[in-house]
Amino acid sequence: MGPSVQYHCPCLSTSPVPPPPHLPSSSHHFHPLHNLFFCEECDAVRCNRCVAVEVSTYYCPNCLFEVPSASVRAEKNRCARNCFSCPICRNTLSVVSSDPPETPDGRSSTTVNASGEPPFFLYCNHCRWDSAEIGITFEKPTGLAAQLQKYEDSAPDALEFDRLKDHFEPFLRASSLSSSIAVHAAHPGSAAHSHHLHSASITAAASAALARDIPGVGKYTPISRTASGRAHRDRTANKDEMPEYKSRVDIASVGIGAGGGESEVDYMRKLRDVQTVGSLEQRWGNSWAGSLQVKDLRPLRIPLHSKRSKRCPACTHILIKPEQKAQSVRYKIKLVAANYLPAINVVLPHLQKPIVTSDAARRTLMKISPQSIDDGTTPPGLVAGKTYPFHLALTNPLYDPIQVRLSVQRVHVTTSGPSEKARRPPFAISLPTSPFPIAAFAEAWEYEDDEDMLVDDDDYEAGMKGRDKDGRGKAKTVGVLERRANVTLVGGEVIIGKEARGNVKFNMLVTYTYRSDDPTPSEVDGDVPKSSKPPEVKTFAFYTVVDLGPILPREEPRIEGDV
Amino acid sequence: MVVDFGEEGMKDAARTGSDYAPISANKNPKGRSPFLDIPHPCHYPLLSAIMDPPIYYSRSEYIETDTGNKVSRRATIAGPQNIVLGGKTIISSGAIIRGDLRRTGPGHTVVIQLGRYCLLGEGCIMRPPYKTFRGAFNYYPMKIGDHVHIGAGSVIEAATIGNHVEIGKNCIIGKFTIIKDCVKIADNTVIPPNTVIPTLAYFGGSPGHFIEDLPESTQEMVEAQSKQYYTRFQALDRQ
Ligand SMILES: [Zn+2]
Ligand SMILES: [Zn+2]
Ligand SMILES: [Zn+2]
Ligand SMILES: [Zn+2]
Ligand SMILES: [Zn+2]
Chain A
1 MGPSVQYHCP CLSTSPVPPP PHLPSSSHHF HPLHNLFFCE ECDAVRCNRC VAVEVSTYYC
61 PNCLFEVPSA SVRAEKNRCA RNCFSCPICR NTLSVVSSDP PETPDGRSST TVNASGEPPF
121 FLYCNHCRWD SAEIGITFEK PTGLAAQLQK YEDSAPDALE FDRLKDHFEP FLRASSLSSS
181 IAVHAAHPGS AAHSHHLHSA SITAAASAAL ARDIPGVGKY TPISRTASGR AHRDRTANKD
241 EMPEYKSRVD IASVGIGAGG GESEVDYMRK LRDVQTVGSL EQRWGNSWAG SLQVKDLRPL
301 RIPLHSKRSK RCPACTHILI KPEQKAQSVR YKIKLVAANY LPAINVVLPH LQKPIVTSDA
361 ARRTLMKISP QSIDDGTTPP GLVAGKTYPF HLALTNPLYD PIQVRLSVQR VHVTTSGPSE
421 KARRPPFAIS LPTSPFPIAA FAEAWEYEDD EDMLVDDDDY EAGMKGRDKD GRGKAKTVGV
481 LERRANVTLV GGEVIIGKEA RGNVKFNMLV TYTYRSDDPT PSEVDGDVPK SSKPPEVKTF
541 AFYTVVDLGP ILPREEPRIE GDV
Chain B
1 MVVDFGEEGM KDAARTGSDY APISANKNPK GRSPFLDIPH PCHYPLLSAI MDPPIYYSRS
61 EYIETDTGNK VSRRATIAGP QNIVLGGKTI ISSGAIIRGD LRRTGPGHTV VIQLGRYCLL
121 GEGCIMRPPY KTFRGAFNYY PMKIGDHVHI GAGSVIEAAT IGNHVEIGKN CIIGKFTIIK
181 DCVKIADNTV IPPNTVIPTL AYFGGSPGHF IEDLPESTQE MVEAQSKQYY TRFQALDRQ
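Top line first, the protein sequences correspond to chains A and B.
FYI, the numbering used here numbers position 289 of the first sequence as 289, with every residue one higher than the one before it.
FYI, the numbering used here numbers position 55 of the second sequence as 55, with every residue one higher than the one before it.
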């Protein structure tokens, strides 16, 4: 992991300022540029944490079948065709026939061979588990999920869940109806509110059911999030209206492992081979608590995946809208931050060495430019008590030039004791203070493919000299080093304290101005003399966190003596 | 065994058009770049030229074809007449491509087809998948898309690999695996035979399983990286 730059998303917070980088909460606020979105309406960065998500397509990740959303619920979010995962290793199972082995080595007789003789069974070609071991075989090699339906539907947990659903359904329907009527009376046409209240009443009903006293289970005492009496009143009302539910399955009688009990304790006590106990990972994907034993594990239908649209949480405009087709990687709408904010890449020039692919290449490079060979004497990071240059390359994605200003956010590292005075941060950062331009992005840049785009080693050396001469070459180290196409290369410097520890990590505010071509209504009609007015200049600012890497403890003076 | 082959040996897929398709200047009202399927400018080789160090090879080791494929003389290319490289694809030293494992029968056949801007890392093995079907043993062709990077030491027996795919080091991709577009596979992953990996999935582990979704801009990022890699991969001449 080299040095990195990540971008801040305020996530609708009222304060646009991120926490200082040394706090653990910092990592929750910063993201790689390519994971961020941009809402034009709000003129703001959005991230996966704050966008609203909607499923646009469900599909099976194995057979790639696109499942209509109407059948997703009935099929319990899993593939209803021929896709099962191995109960032992989670690999996808193959359907194999009972044909005799065809290859003499007997090794790969069990490939996908659905054309052979019945009975068919499911086979794992990773761990070699097969469903015949647990007595599951099929007469025909297709529609396996349907053939297994009877096992699934007759399982005690599935039956219990269906009965619970039947029990609550009429009540939920009635309460949602009444609440939506109530809302429509109060705010006609307010669909959002009715939806909100609807889900609130479901939650209330569910919590009423959960709040029942169950022997051996601690009493459920929800912490009321709203101090208002509405939720409370709803719950008491629900309690009165709802008939009591009685389970038809006695958990203790279902058998070993169904949620604990004497028989399970007994089994564990007599346990001889720990391999016969299913691992947590193997049992995790089952619907509730099942048997502990590996021999009771069943193949599971593969859970569906989804493609999702994403909306701005503030204005609900769509930021991401994938094409409907499950395996398409194209988007109808894709508003990503990388098309709006300058991309920033950071490197430590003293660690940038060419890579050689062979000894011959190394020998040649040694003759041409011995100083560029990584001879292993350079410490692989930043050493305490030293000063290093660093480079920031800023790339403009816009079709207009921008002016950029960088500033480092001040950090006050305070020690725990209130009486102690604030310590100085363990390092100091220098960055160019005046604004600098980055040229517009133009298609023509792309065609440049010649070798002179490469920075000569001399340039790296210039950067290195800057620090060796005791800050005398500072003018060269800090400032705009180079402008090429829509990239501006900026140099900075870090002075690291002698006792510094941790990472050189700082928040950097990036402010840029760009020309806004927003057509005003009067301009749209054309030939209006007002269009001669200068274009509006807009400013956008965002925070980044720059991590130059860990600080290594100071070396013994031997190394400095060598230099 | 090292098989040396002439420049004629391996076919370069005939391609029309320039290496970089021009981007339409589809300006939106705010003068910002449009958002539909257009590689982001920060991904072009230019930036890498400034920020990423070159990867040097000795000119004598590599053969460069007319369409910019770079093939190490220390790679083993068996059955070169059955292998198609799309252009600007790099075959590193020690890689083995088994174009000789072809379907039985007369005439020419393409056994292994690689797209453009692919990389086969050092010591990679590409072997077409095989099976016995209705009593007959046969090899089946392997097709790999554009911008596919395969890390050092990986063994590939897939049936198809889509575009913009990154496979880590020391992976095993089992027979008849189908990898769709924009997929990433972690180092040391074992993908069992016949696995299907859907688009924009990150896979890892043994057996390999889904870990998480990749970001919406994966295609642009992978394309940029594979072009950057090709630009950085430079011959160093003896002087
Ligand atoms: Zn956010
Ligand atoms: Zn399926
Ligand atoms: Zn298995
Ligand atoms: Zn918005
Ligand atoms: Zn980018």
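These aren't lab readings, by the way, just hints derived from the structure by calculation.
The structure displayed is predicted, hence computed values, not measured ones.
By construction, the Cβ of each residue, glycine as well, lies at the ideal position given by its N, Cα and C atoms.
Incorrect hints may appear among the rest.
In silico contact screen, one side only, chain A against chain B (beta carbon under 7 angstroms); selected entries [as the list claims (entries may be wrong)]:
#1 Pro61
#2 Cys89
#3 Val95
#4 His317
#5 Gln324
#6 Lys334
#7 His350
#8 Leu351
#9 Lys353
#10 Met366
#11 Gly381
Over 10 angstroms on every C-beta distance to chain A, these chain B residues come out as not near it, computed from the model [said to hold, decoys possible]:
#12 Pro53
#13 Ile55
#14 Ser58
#15 Ser60
#16 Glu61
#17 Arg103
#18 Gly123
#19 Gly153
#20 Asn170
#21 Lys180
#22 Cys182
#23 Asn188
#24 Asn194
#25 Thr199
#26 Gly204
#27 Glu220
Checked hints:
no., hint, result
1, Pro61, "holds, 5 angstroms"
2, Cys89, "holds, 6 angstroms"
3, Val95, "violated, 10 angstroms"
4, His317, "violated, 13 angstroms"
5, Gln324, "violated, 13 angstroms"
6, Lys334, "holds, 5 angstroms"
7, His350, "violated, 12 angstroms"
8, Leu351, "violated, 9 angstroms"
9, Lys353, "holds, 6 angstroms"
10, Met366, "violated, 10 angstroms"
11, Gly381, "violated, 17 angstroms"
12, Pro53, "violated, 5 angstroms"
13, Ile55, "violated, 4 angstroms"
14, Ser58, "violated, 4 angstroms"
15, Ser60, "violated, 7 angstroms"
16, Glu61, "violated, 6 angstroms"
17, Arg103, "holds, 17 angstroms"
18, Gly123, "holds, 12 angstroms"
19, Gly153, "holds, 15 angstroms"
20, Asn170, "holds, 17 angstroms"
21, Lys180, "violated, 5 angstroms"
22, Cys182, "violated, 5 angstroms"
23, Asn188, "holds, 15 angstroms"
24, Asn194, "violated, 6 angstroms"
25, Thr199, "violated, 5 angstroms"
26, Gly204, "holds, 12 angstroms"
27, Glu220, "violated, 8 angstroms"
In this structure, the earlier hints numbered 3, 4, 5, 7, 8, 10, 11, 12, 13, 14, 15, 16, 21, 22, 24, 25 and 27 are contradicted, and the remaining ones agree with it.
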